[in-house]
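For the record, the sequence lines run as chains Y and R.
Last residue of the first sequence: 114 in the working numbering, with the numbers rising by one and none dropped.
Last residue of the second sequence: 114 in the working numbering, with the numbers rising by one and none dropped.
Hints in this document: simulated from the structure, not taken from any laboratory.
Quantities reported herein were computed from a predicted structural model and do not represent experimental measurements.
Ideal Cβ placement from N, Cα and C applies to all residues, glycine included.
Accuracy of the hints is not assured; some may be wrong.
In silico SDA-like links for lysine to any residue, alpha-carbon gap of 20 Å or less [claimed, not checked]: (1) Y:Lys-57 - R:Gly-105; (2) R:Lys-3 - R:Glu-58; (3) Y:Lys-57 - R:Tyr-32; (4) R:Lys-3 - Y:Met-41.
Covered stretches of chain R (chain Y as the covering partner; in silico rule of three or more C-beta atoms under 8 Å from a C-beta of chain Y) [to be verified]: (5) 70-82; (6) 104-110.
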Amino acid sequence: EADIYQTPRYLVIGTGKKITLECSQTMGHDKMYWYQQDPGMELHLIHYSYGVNSTEKGDLSSESTVSRIRTEHFPLTLESARPSHTSQYLCASSDPGGTNTEAFFGQGTRLTVV
Amino acid sequence: DAKTTQPPSMDCAEGRAANLPCNHSTISGNEYVYWYRQIHSQGPQYIIHGLKNNETNEMASLIITEDRKSSTLILPHATLRDTAVYYCIVRSPMTTDSWGKLQFGAGTQVVVTP
């Protein structure tokens, strides 16, 4: 049973607002990820983190930012939301090493900017 | 990480076995084959993974060819709840030099019909 949670599940917000999407995991995983996915399209990695105080940009450029102050928490922030940010955002985490590692995903946040 | 090729879609009758192919001709020796699925509007769910031996768990079986250039995910008795997009991913172990990020392609849309 995966213990990774995203809030809110759905968010409709006006242009120009600042928003933070929350992601928390209780598995003690060092590695965490944010993916962006438009309806019917592929998942694209936008941010990842090796551990506390570590954040890196993913393969898809994003105007969002992330922080990793605590192991269990990996929030994503948009300083000024725009309609082009409308998408589903998925958070994931995984064990730090070894070969038998799988990634656990949250249920996602579906963001609509109007 | 090596690229994978999957058919865009396939149908399967309920109760029958679903065989999902994946080509990964450029896979390297230390890369594992992972399968995930994504049910509509949810986060991806881990199914199974393997290196070169066939693997089986409560969800599915994974058959990897001897040359490791292709694999098949088998859902032994498909149910309506198995309707989802199935992703085949080739991934190196997470070591200090490789953080083992998951790169999702387009996947195969599987529709299980009554």
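Exercise. In ascending order, which of the hints set out earlier in this document are inconsistent with the structure?
Worked result: 2, 3, 5
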